[in-house]
Amino acid sequence: MSEKVDQIFVALKHWLAGFAPAQWQPGVSALLSVAALLGAFAALFALTTLLERKGLGRMQNRYGPNRAGPFGLLQPLADGVKALTKEDVVPGGADRVMHFLAPLVLVLPVFLALAVLPVGRNMVAVDLDAGVLFFFAVGAATELAVFLAGWSSRNKYALLGAMRALAQMISYEVPLVLSALTVVMMAGSLSTVSIVDAQAGYSGWIPRWYVFTPWGLAGFVLFLIAAAAEANRSPFDLPEGESEIIAGYYIEYSGFKFALFFLGEYIGLFAASGLAITLFLGGWRAPLPGLEIVPSYLWFSAKLLALIAVFIWVRGTLPRLRMDQLMNLAWKFMLPMALLNVAAAGLWRFLPGAGWGWLVCGLLLAGGYLALGYGFRPGRWSKRGYRFAES
Amino acid sequence: MSPAFLILALLAVAGAVAAVGLRNLIHCALALAVALAAIAGVYLHLGAEFIAFAQLLVYLGAVAILILFAILLTRGSERSGSGIFSAGWGWGLGVALGLLATVAGVFVSARFPRAAAAVSAAPAGARELGTDLMTRHILALELIGLLLTAALIGAVILALHERGREAAPGEGR
Amino acid sequence: MNGVTPYLLLSAVLFATGLAGALIRRNAIIVLIGIELMLNAANLNFIAFARFGPGAEQGNGTIFVLFSIGVAAAEAAVGLALIIAVYRHFKSAQVDQPATLRG
Numbered sequence: 001m002s003e004k005v006d007q008i009f010v011a012l013k014h015w016l017a018g019f020a021p022a023q024w025q026p027g028v029s030a031l032l033s034v035a036a037l038l039g040a041f042a043a044l045f046a047l048t049t050l051l052e053r054k055g056l057g058r059m060q061n062r063y064g065p066n067r068a069g070p071f072g073l074l075q076p077l078a079d080g081v082k083a084l085t086k087e088d089v090v091p092g093g094a095d096r097v098m099h100f101l102a103p104l105v106l107v108l109p110v111f112l113a114l115a116v117l118p119v120g121r122n123m124v125a126v127d128l129d130a131g132v133l134f135f136f137a138v139g140a141a142t143e144l145a146v147f148l149a150g151w152s153s154r155n156k157y158a159l160l161g162a163m164r165a166l167a168q169m170i171s172y173e174v175p176l177v178l179s180a181l182t183v184v185m186m187a188g189s190l191s192t193v194s195i196v197d198a199q200a201g202y203s204g205w206i207p208r209w210y211v212f213t214p215w216g217l218a219g220f221v222l223f224l225i226a227a228a229a230e231a232n233r234s235p236f237d238l239p240e241g242e243s244e245i246i247a248g249y250y251i252e253y254s255g256f257k258f259a260l261f262f263l264g265e266y267i268g269l270f271a272a273s274g275l276a277i278t279l280f281l282g283g284w285r286a287p288l289p290g291l292e293i294v295p296s297y298l299w300f301s302a303k304l305l306a307l308i309a310v311f312i313w314v315r316g317t318l319p320r321l322r323m324d325q326l327m328n329l330a331w332k333f334m335l336p337m338a339l340l341n342v343a344a345a346g347l348w349r350f351l352p353g354a355g356w357g358w359l360v361c362g363l364l365l366a367g368g369y370l371a372l373g374y375g376f377r378p379g380r381w382s383k384r385g386y387r388f389a390e391s
Numbered sequence: 001m002s003p004a005f006l007i008l009a010l011l012a013v014a015g016a017v018a019a020v021g022l023r024n025l026i027h028c029a030l031a032l033a034v035a036l037a038a039i040a041g042v043y044l045h046l047g048a049e050f051i052a053f054a055q056l057l058v059y060l061g062a063v064a065i066l067i068l069f070a071i072l073l074t075r076g077s078e079r080s081g082s083g084i085f086s087a088g089w090g091w092g093l094g095v096a097l098g099l100l101a102t103v104a105g106v107f108v109s110a111r112f113p114r115a116a117a118a119v120s121a122a123p124a125g126a127r128e129l130g131t132d133l134m135t136r137h138i139l140a141l142e143l144i145g146l147l148l149t150a151a152l153i154g155a156v157i158l159a160l161h162e163r164g165r166e167a168a169p170g171e172g173r
Numbered sequence: 001m002n003g004v005t006p007y008l009l010l011s012a013v014l015f016a017t018g019l020a021g022a023l024i025r026r027n028a029i030i031v032l033i034g035i036e037l038m039l040n041a042a043n044l045n046f047i048a049f050a051r052f053g054p055g056a057e058q059g060n061g062t063i064f065v066l067f068s069i070g071v072a073a074a075e076a077a078v079g080l081a082l083i084i085a086v087y088r089h090f091k092s093a094q095v096d097q098p099a100t101l102r103g
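Protein chains in written order, with this note's numbering: chain P, 1 to 391; chain H, 1 to 173; chain V, 1 to 103.
Just so you know, not all the hints are guaranteed correct.
Stated by the list, open to error - In silico SDA-like cross-links for lysine to any residue, where the CA-CA straight-line distance does not exceed 25 Å:
#	chain 1	residue 1	chain 2	residue 2
1	P	Lys54	P	Ala78
2	V	Lys91	H	Thr149
3	P	Lys82	P	Leu38
4	P	Lys332	H	Leu152
5	P	Lys54	P	Pro76
6	P	Lys332	H	Thr149
7	P	Lys156	V	Ser92
Stated by the list, open to error - Partner residues are not named here, just some residues of chain P that face chain H (Cβ under 7 Å, in silico):
#	residue
8	Gly92
9	Leu133
10	Phe134
11	Phe136
12	Ala137
13	Glu143
14	Leu144
15	Phe147
Calculated from the structure, these hints are not laboratory results. In this text, a Cβ means the ideal position worked out from N, Cα and C, and glycines have one as well.
Okay, chain P solo, but in the shape it has when bound (with noise of 0.2 Å):
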């Protein structure tokens, strides 16, 4: 029974694949999974910025929207029409069509990336051979739509913005992926689908995840923040700094053209938590051997939803960072300790059991990070000027 209920999906797929010519079922199949990813996460989109209000507003002592529908429920829909009923304006100095490609170059790599993710047992849209790499790979256009959307708008504020954005997400790119490293070596394959394997089985009742290693923990935890600063979430949010900045690279963009880059940014926040799940928490895994009754896509949304609260208590809680914090934090911390995780992730894969192994790369680590933080204590880099502001 509980077979049938977790390949309900794959059975659903596969019937209404098969109402279509023989020849054109793998493209019917690949078409329905699409469809299926795209309304999931659009909808999980609108539920999160429910839910990111909602939580923020408590966290400050109010409420929250509450006025449209019961609790606020029905606030996406009201805003979704508030964002397309809005005039679309264009700067008159902007670059009109780059200003209009902009939101669309942002859209589409996010829910690329999504094809890879694993979000249940057998629900994956494409098992690439190289999966974790195309995830990244389709990552770095994000890169140029920001850039895009800074330049064409002809704004000071958006361009500065969009250069902050770039030198963040470049320097964060390098931990990120480097975290993710260490998981590949550990399974020895790109393929997402694969690395959920080499995740199952339980060791007791503690499941087999990478999480519970000590690299896996230091490469979750880094890969959190790296993730966090690439989606430009706070307290990486300089950008996008509405203090300082208005707004960053997007200060030009309204109506549709704004909903757009809010979802692609939202979505991406998701596929680096579902690659992180993927990668670290044993993607659609239960976490106790008794619970795998429970169907996988739920386990895998639960995890989901743990880690989007996550992200929305760190923005309730940390202050943004300085540009020159930032960028200190990503090269003279993240950066070595990915780096020595690497190296970890070496050793645990030639110590004798998972005493010493915890041992050895857990004093590893430890020693790194407290070197590493010593290097931060107050006053250390506070000393730091803006070189191309001097002349």
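Guided by the hints, dock chains H and V onto chain P, whose structure is given.
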């Protein structure tokens, strides 16, 4: 020749021509990005999945952004009065067209040996590539690591401030 | 016109375009763009022959392109750093402007 290849090839050529022919430098860099993405598409069409993704990651994610940064940092070098082409552009165009005619003629007339098995065989996947890199090509891998490190340090040193110069503004340039 | 020939023709056109860009434009950055295009055209040839040529199962063409992409990245970084250094010095990124090697 499939329609997918034709579209990708047209996109690549159009992007390449725009990248070297447009007046606005930013448009040139963006056209280059389009051409490189189309070439990645051609790699996919040829079944070289890993290379296609590496191409996207390195060229779109790093090289195109680097070029855009360089264009913004050297802004103001385009003087409005002078043209975008160098003095002897006719010669350059002639050389390029002559080369194109020669090479295309050779390619069309040549007969290439075709291994019957190779056409159907899928190109090496990520695992085979990794094994190859770590065994047969380990020296080249080490060398490219060294080269990239040297390039990183060299680029940082080159782009650093010329401290002595900034201190002495009276010196003739 | 089948097999490897269309890919070779595409790569020839790309190479010629890149060469033309490197030869006729005055801006050093466009010259670099032209060089990148030429490198890509060569890579395309490698991949096409790795797919259609004899001995494809050894995967040497693919490996070579991987290294070529790495070298191109290093070249772009150093080239652009050079252009920025020259720009600081001569206040120009045109290739015909710095006609002297003196500081």
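Holds or violated: P:Lys54 to P:Pro76, with C-alpha atoms at most 25 Å apart: holds, 12 Å
Status of the hint placing P:Gly92 at chain H (closest C-beta pair under 7 Å): violated, 18 Å
Restraint check for P:Lys332 with H:Thr149, where alpha carbons must lie at most 25 Å apart: Cα-Cα ~17 Å, so holds.
Hint check, P:Phe134 versus chain H [nearest Cβ-Cβ separation less than 7 Å]: OK, holds: P:Phe134 within 7 Å of chain H, min 5 Å.
Agreement of hint P:Glu143 with chain H interface, Cβ distance less than 7 Å: With Cβ-Cβ at 6 Å, under 7 Å, it holds.
Chain H contact restraint on P:Phe136 - CB to CB distance below 7 Å: holds, 6 Å
Evaluation of the interface hint that places P:Phe147 against chain H, nearest CB under 7 Å: Cβ of P:Phe147 sits 6 Å from chain H, so the hint holds.
P:Ala137 as an interface hint toward chain H, with CB separation required under 7 Å: Check passed: Cβ of P:Ala137 comes within 4 Å of chain H, closer than 7 Å.
Status of the P:Leu144 interface restraint (C-beta, 7 Å, chain H): P:Leu144 check passes; min Cβ-Cβ to chain H is 6 Å, inside 7 Å.
Restraint status (C-alpha distance of V:Lys91 to H:Thr149 at most 25 Å): Violated, at about 29 Å.
Proposed proximity, V:Ser92 with P:Lys156 (alpha carbon, max 25 Å): With Cα atoms ~23 Å apart, P:Lys156 and V:Ser92 stay inside 25 Å; holds.
Status of the P:Leu133 interface restraint (C-beta, 7 Å, chain H): holds, 4 Å
In the structure shown, a violation is registered for the earlier hints numbered 2 and 8, in ascending order.
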